[in-house]
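Okay, so the sequence shown: first residue is 0 according to numbering that gives the first Met the number 0, each after it adds one.
Keep in mind the hints are simulated off the structure, nothing from the lab. Some hints here could point you the wrong way.
As the list claims (entries may be wrong) - Restraint ranges, calculated between C-beta atoms of paired labels, are given here:
#1 167 with 280: 52 to 60 Å
#2 97 with 294: 15 to 23 Å
#3 269 with 65: 47 to 55 Å
#4 188 with 290: 18 to 26 Å
#5 72 with 294: 22 to 30 Å
#6 252 with 229: 37 to 45 Å
Stated by the list, open to error - Here are the simulated lysine-lysine pairs, DSS-like style, with alpha carbons at most 27 Å apart:
#7 53 with 64
#8 233 with 284
#9 47 with 197
#10 69 with 1
#11 1 with 50
#12 119 with 1
#13 135 with 49
#14 197 with 73
#15 135 with 73
#16 284 with 47
#17 53 with 75
#18 50 with 73
#19 135 with 119
#20 1 with 18
#21 18 with 52
#22 47 with 75
#23 1 with 52
#24 284 with 75
#25 52 with 69
#26 75 with 119
#27 42 with 52
#28 285 with 233
#29 49 with 64
#30 53 with 69
#31 233 with 197
#32 75 with 50
#33 284 with 333
#34 119 with 73
#35 50 with 69
#36 233 with 18
#37 69 with 47
#38 285 with 197
#39 233 with 333
#40 49 with 285
All C-beta atoms in this analysis are idealised placements derived from N, C-alpha and C, irrespective of residue type, glycine included.
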Amino acid sequence: MKVLITGTAGFIGMSTAIKLLERGEEIIGIDSLNDYYDVNLKKARLQKLKKYKKFTFSQINLENKVEIGKIFSKEKPQHVIHLAAQAGVRYSLENPHAYISANIEGFINILEGCRYNDIKHLTYASSSSVYGGNEKLPFSEHDNIDHPVSLYAATKKSNELMAHTYSHLFNLPTTGLRFFTVYGPWGRPDMALFLFTKAIIEGNAINVFNNGNMIRDFTYIDDIVEGIVRVNDKPATPCSNFDATSPDPAISNSPYRVFNIGNNNPVELMNYIAALEVALGIEAKKNFMPMQMGDVPATCSDTSELYNWVGFKPNTSIQDGINNFVSWYRDFYK
């Protein structure tokens, strides 16, 4: 199978590409290589991918409609895994237009590429942030998601709506994956684990938001990738028991699905930090700070729908995942 993966220089994109390459798939990778965070880290990820004979890469911006169209028509992939996006909740407060460009304009270009090139399945990254102000835990795909609390979340909900429209109008199978706080080796430098590790090793204090009263469903990268690959292999189908008089947000009478991918085992932020202190052998200096705009106090995923669909749910322990990250970090940054 030939698979087009967007965001292959990214954290999840690189790991997903490697998983598929190692089982013999041909991967067409695209990425903008923007400077939202360290471009050298992105280039290092690409170097890992370029060791595989069945990997080819093109530097393309999602917003470039012409170039996106060309890559579809030239390469003719059967499946698309769309992982590229402008990420980050806090950054969306400072640079909102970047999110409209990459996450809305970019996504419509991907949908149009799928529409006109007989794509058998589009799997795309959504986010746990779509649950917004919801307080009922765990978050379920059957819950209403009409109350986003950041522009990033709003763009991800928009992606789900746009995907459903294309599933309905053009019979394009689409599956959205709501990722819950992904971490692990090769992770993003703007995420908490990366920031904490760097600060602690350098002897600096870490910023602990909401005075430490945060709960997150931290999900290890290998579990995320396993979920992506299994979902990619099983295209969405119309749900025969969908009731249009009382519509369920999780299903459709079109070939459309959304799934949570989380550890289903939320961890208090202070316990997460404690696990990192154990892995590093260093006690962290802590700056306790108020909640940041756009943040939510707790996340927790109901993964029963994912398990029912592909027979898998994440299960890596926090300590194992953090230990693996610290080993990678020390090796990569010497």
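Now for the hints, and whether the structure bears them out:
no. : hint                     : in the structure
1   : 167 with 280: 52 to 60 Å : holds, 54 Å
2   : 97 with 294: 15 to 23 Å  : holds, 19 Å
3   : 269 with 65: 47 to 55 Å  : holds, 50 Å
4   : 188 with 290: 18 to 26 Å : holds, 22 Å
5   : 72 with 294: 22 to 30 Å  : violated, 42 Å
6   : 252 with 229: 37 to 45 Å : violated, 24 Å
7   : 53 with 64               : holds, 25 Å
8   : 233 with 284             : violated, 46 Å
9   : 47 with 197              : holds, 23 Å
10  : 69 with 1                : holds, 16 Å
11  : 1 with 50                : holds, 17 Å
12  : 119 with 1               : holds, 11 Å
13  : 135 with 49              : violated, 44 Å
14  : 197 with 73              : violated, 42 Å
15  : 135 with 73              : violated, 46 Å
16  : 284 with 47              : violated, 35 Å
17  : 53 with 75               : holds, 15 Å
18  : 50 with 73               : holds, 23 Å
19  : 135 with 119             : violated, 35 Å
20  : 1 with 18                : holds, 14 Å
21  : 18 with 52               : holds, 14 Å
22  : 47 with 75               : holds, 24 Å
23  : 1 with 52                : holds, 13 Å
24  : 284 with 75              : violated, 52 Å
25  : 52 with 69               : holds, 22 Å
26  : 75 with 119              : holds, 11 Å
27  : 42 with 52               : holds, 17 Å
28  : 285 with 233             : violated, 45 Å
29  : 49 with 64               : holds, 25 Å
30  : 53 with 69               : holds, 20 Å
31  : 233 with 197             : violated, 39 Å
32  : 75 with 50               : holds, 22 Å
33  : 284 with 333             : holds, 22 Å
34  : 119 with 73              : holds, 17 Å
35  : 50 with 69               : holds, 25 Å
36  : 233 with 18              : holds, 16 Å
37  : 69 with 47               : holds, 25 Å
38  : 285 with 197             : holds, 13 Å
39  : 233 with 333             : violated, 41 Å
40  : 49 with 285              : violated, 40 Å
In this structure, the hints that do not hold are numbers 5, 6, 8, 13, 14, 15, 16, 19, 24, 28, 31, 39, 40, in rising order.
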